[in-house]
Amino acid sequence: MTTAADTNAPVSAPVKGRSLWADARRRLFSNTAAVVSMIILAILTLAAIFGPMVWVHDFEHQYRDRVLESPTLVHWHIMGTDNYGRDMFARVLFGLRVSLAVALVATLVSLVIGVVWGAVAGYRGGRTDQIMMRIVDIIYSLPFIFFVIILTVTIGAHLESPVQKVILLFAAIGAVEWLTMARIVRGQSISLKHKEFVEAARAAGAGSGAIIRRHIVPNLLGPVVVYVTLTIPAVILAEAFLSFLGMGISEPLTSLGQLISLGAGQMEIASWLLIYPALTMVVTLVCFNFIGDGLRDAIDPKDR
Amino acid sequence: MFTYVLRRLLVAIPTMLIIITATFFLMRAAPGNPYALDRKLPPAIEANVRAYYNLDKPLIVQYGMYVSGLVRGDMGPSLKLKDKTVSDIIVEGLPVSAFIGAWSLLIALFVGSGLGIIAALSQNTWRDYLVMSFAVVGICIPPLVMGPLLSLLFGIQLGWLPAGGTDPRLGLTLSHAILPVMTLALPQVAIISRLMRASMIEVIRSNYVRTARAKGLSGYRVVTRHALKAAILPLISYLGPAAAGLMTGSVVIEKVFQLPGIGRQFVDGAMSRDYTVVMGVVVVYAGLIMLFNLIADILYGLLDPKVKYS
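Just so you know, the sequences run in chain order A and B. With our numbering applied, the first sequence corresponds to residues 1 to 304, in that order. With our numbering applied, the second sequence corresponds to residues 1001 to 1310, in that order.
Think of the hints as simulated: they come from the structure by calculation, not from any bench. It is possible that some hints are incorrect.
[Unchecked claim] Computed from the model, here is a short list of chain B residues facing chain A with C-beta under 8 Å:
1. Ala1270
2. Val1282
3. Val1283
4. Tyr1285
[Stated by the list, open to error] Which residues of chain A face chain B? A few of them, derived with a C-beta cut under 7 Å, are:
5. Asp23
6. Leu44
7. Thr45
8. Leu46
9. Val105
10. Phe146
11. Val153
12. Thr154
13. Leu245
14. Leu253
15. Ile269
16. Leu274
17. Ala278
Cβ coordinates follow ideal geometry from the N, Cα and C atoms, glycine included.
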């Protein structure tokens, strides 16, 4: 975790001075799985953003005469239609958009809470640190997803609009996922404070601004970036989990988890309602994981 | 050792109390009540029902009654299912959930660590890449995708195994359990194989393993007699999170495969505001997770001589 700079410092020492990030980028782009995943994910993201605008069918429009059609090129229902005669391809695109949006926002929530919590605990140290991390430990050892369920059921029932419920979902998932982030950031802050290269930089006359910019931030940023890439799929899973149980995204909005849940209920008569959303979600998750692994190897080359 | 376990158990009590308190008041903060959802009861009857379940008393009194009941092992009656206490529901459901969960955990531990060792010993060969690709895919196929797909393939298309449910006479039979267990175990197999690989690679590079090799021990004996014991340590500290993961997964697979376990009771209870059932399941699951964490810590201490209990 903490050795990224140890291994990189000598490399960046020569006069030419390749930066830590240039090195990381070169290593990342030589990782085939990560590069392929980035390309696929870019396509999926573009499809999620622009797909629903340009696709011939609207995700909510019900074609009463085309109920439960299997995938066909007639009328361009390439993923078939559901039991209300809605085009599945349009629904998968829209579901992907919602799932990605939930993932990004909830990850951001967890990022903010986790970084602040971890940094404060790490820098203050002592008693503050002990109490704060004890809280994290306790929450960590609980079946916390059960609290998320209770939270969405109880507070969710107060809310009227689907948009408010989506915001609640962001908050609830983000509130669970920050724990690991807090641990990582705390560990990094503590170990960085006492690192030799920080002392060396100080001895060489670097000001604290330069030390923070050149040494602390890059070393803190690395693990955080890696963990964010791995949090996004975890959040997509959490959202799918809740939507699957009927507690997440609700009509008229849709998400991949909700589509899978609906598809699972009708898989005996219309397997395409299950297979396409499931496939989309698995591909998305695999991409995020490969990118996360690639980033970790690139930024922290210790484990290769 | 004894005092360590005792102290851990003492710490568990306030933790449990916090969980119970949080769940209790969160649940009651919800609008609506157990009787608002189904057909409207006449006001007089509803008042009677509420009085019977003590729902008319002040919240803090209800809380006190609940906790004192819990201490005596009484989790109260279910508010929705007539003539059933929460204890009945848990006694009925827990064996189903525990059966599936225990098998999943066993399979995950053995298959996962086996795959991890194979990958570590043949690092950077096709075998390693195969296992690690499988692990990434396994992590990315959650129970809510795998469950319906397996059920569709083996249950409906091929007809080899029951697509879900339990035997009307025998309850949960082995053939009914295979698909749920596979579904639940897969992500854990994947995670454990990755953990085991990383840990094994670190151990086989260490000096004492090199010494064992230099003494002329065969590769097999070096692994089983020297490396394995040290490599298995991270796996043990993963026991707690694994148990939590299995319990989370159980909620999904019990819905997918229509199993009468306590995960499903929890979801149904949360949806219909059956306060006591929700509380009961949370108490049982939290207790189990704490138990698993304790077992993990004790095992860790027994296996790792560097850890001292004080």
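* **Hints that the structure is at odds with (numbers, increasing)** => Of the numbered hints given earlier, those the structure breaks are 3, 5, 6, 7, 8, 9, 14 and 15, listed in rising order.
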